[in-house]
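A.B. asks: Chain by chain, the residues run as shown.
Number of protein chains: 2
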Amino acid sequence: MNQDSLSQEVSGQENTSKDRLRLWLRVLKATRTVESAIRENLRQEFATTLPRFDVMAALTQHDEGLKMSELSSVLKVSNGNVTGIIERLVEDGHVLREKVPGDRRASRVRLTSAGSAEFARQAAAHEAWIDKIFAEVTPDAAQSMAEALDGVARRLDNKDSET
Amino acid sequence: MNQDSLSQEVSGQENTSKDRLRLWLRVLKATRTVESAIRENLRQEFATTLPRFDVMAALTQHDEGLKMSELSSVLKVSNGNVTGIIERLVEDGHVLREKVPGDRRASRVRLTSAGSAEFARQAAAHEAWIDKIFAEVTPDAAQSMAEALDGVARRLDNKDSET
Numbered sequence: 046m047n048q049d050s051l052s053q054e055v056s057g058q059e060n061t062s063k064d065r066l067r068l069w070l071r072v073l074k075a076t077r078t079v080e081s082a083i084r085e086n087l088r089q090e091f092a093t094t095l096p097r098f099d100v101m102a103a104l105t106q107h108d109e110g111l112k113m114s115e116l117s118s119v120l121k122v123s124n125g126n127v128t129g130i131i132e133r134l135v136e137d138g139h140v141l142r143e144k145v146p147g148d149r150r151a152s153r154v155r156l157t158s159a160g161s162a163e164f165a166r167q168a169a170a171h172e173a174w175i176d177k178i179f180a181e182v183t184p185d186a187a188q189s190m191a192e193a194l195d196g197v198a199r200r201l202d203n204k205d206s207e208t
Numbered sequence: 046m047n048q049d050s051l052s053q054e055v056s057g058q059e060n061t062s063k064d065r066l067r068l069w070l071r072v073l074k075a076t077r078t079v080e081s082a083i084r085e086n087l088r089q090e091f092a093t094t095l096p097r098f099d100v101m102a103a104l105t106q107h108d109e110g111l112k113m114s115e116l117s118s119v120l121k122v123s124n125g126n127v128t129g130i131i132e133r134l135v136e137d138g139h140v141l142r143e144k145v146p147g148d149r150r151a152s153r154v155r156l157t158s159a160g161s162a163e164f165a166r167q168a169a170a171h172e173a174w175i176d177k178i179f180a181e182v183t184p185d186a187a188q189s190m191a192e193a194l195d196g197v198a199r200r201l202d203n204k205d206s207e208t
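These protein sequence lines are chains A and X, in that order. Quick note, the first sequence lines up with residues 46 to 208 if you use the numbering used here. Quick note, the second sequence lines up with residues 46 to 208 if you use the numbering used here.
This is chain A alone, in the form it adopts within the complex (with noise of 0.2 Å):
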């Protein structure tokens, strides 16, 4: 740590809110970029989209199905949005919609066995995407920038819940 850094640590606030708005800026940029190779690598390679890649991976952690509601929350996205998507996977034979026993108007979705390999193979593409794309990230950086931003989302995740 230089001294500029240590004497900031030390007397605090004046500098450091313009050095976290220029961390959130980059952090924020960096974001952007990688989420929109993702996107174009999933068109290209796969016809498919972000959202519908998202679906797919939320219902690969409940083999037994998930309720629209209980996907859209997984998701943090709106029932609405959710909707027309597995709509599309409904078509392309990736989902299956079922009856929910007790629940006349609920359904739950799953992922039929087409849907789940070919989501294998979408992850396994998107894995070694991602692992190039981070391929000059350090161990040690890694780590301390997934604490730091571990403490970040809760942060705001206890400060949503006291709301």
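One thing to keep in mind: the hints can contain errors.
Pairs involving identical chains hold if they fit within one copy or between any two copies, as the list cannot separate such chains.
With a Cα cut of at most 25 Å, we get these calculated DMTMM-like pairs of lysine to aspartate or glutamate [claimed, not checked]: (1) 144 to 172; (2) 63 to 136; (3) 121 to 143; (4) 144 to 115; (5) 121 to 195.
No lab work stands behind these hints, which were simulated from the structure alone.
Using the hints, position chain X against chain A.
C.D. replies: Relative to the frame of chain A, chain X by itself:
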């Protein structure tokens, strides 16, 4: 650095592609959480949206104004999206449209003085929100995070320009 991460760094691959994927998912989750807090704050405190805030931020950097096409490319969004945002900002009296001398079809947009004053208030609040959210991130963690993410963004930008 512990034995595990050391041997990982020496032997390379295998474990680290999962680690990198996990890191990316944490980055993404934290970014989305922060972004949604910012959206909510902008809505509640300024009755505005993140895209409008981003457009005003871009115009603040260009006193002489920007053509719509320049604005789209600065923001990396489509012309169509920017048009709707600008229309709303013009209605609000925050942005002016002007003719471009020598180019009959193009117009340039810039902030009005009311827009500049409004954005200054929003930007100060935004900086304070970020400062609070990132309060626990140490300067060291911030530094290594910023460097790692810049490397990631650079890697992808170079790839883009090759194709």
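A.B. asks: All hints are to be evaluated individually against the structure, with a verdict given for each.
C.D. replies: We went through each hint and held it up to the structure:
no.	hint	verdict
1	144 to 172	neither (34 Å within a copy, 48 Å between copies)
2	63 to 136	neither (49 Å within a copy, 31 Å between copies)
3	121 to 143	within (22 Å within a copy, 41 Å between copies)
4	144 to 115	within (15 Å within a copy, 51 Å between copies)
5	121 to 195	within (17 Å within a copy, 28 Å between copies)
Going down the numbered hints, you'll see the structure goes against 1, 2, while the others check out.
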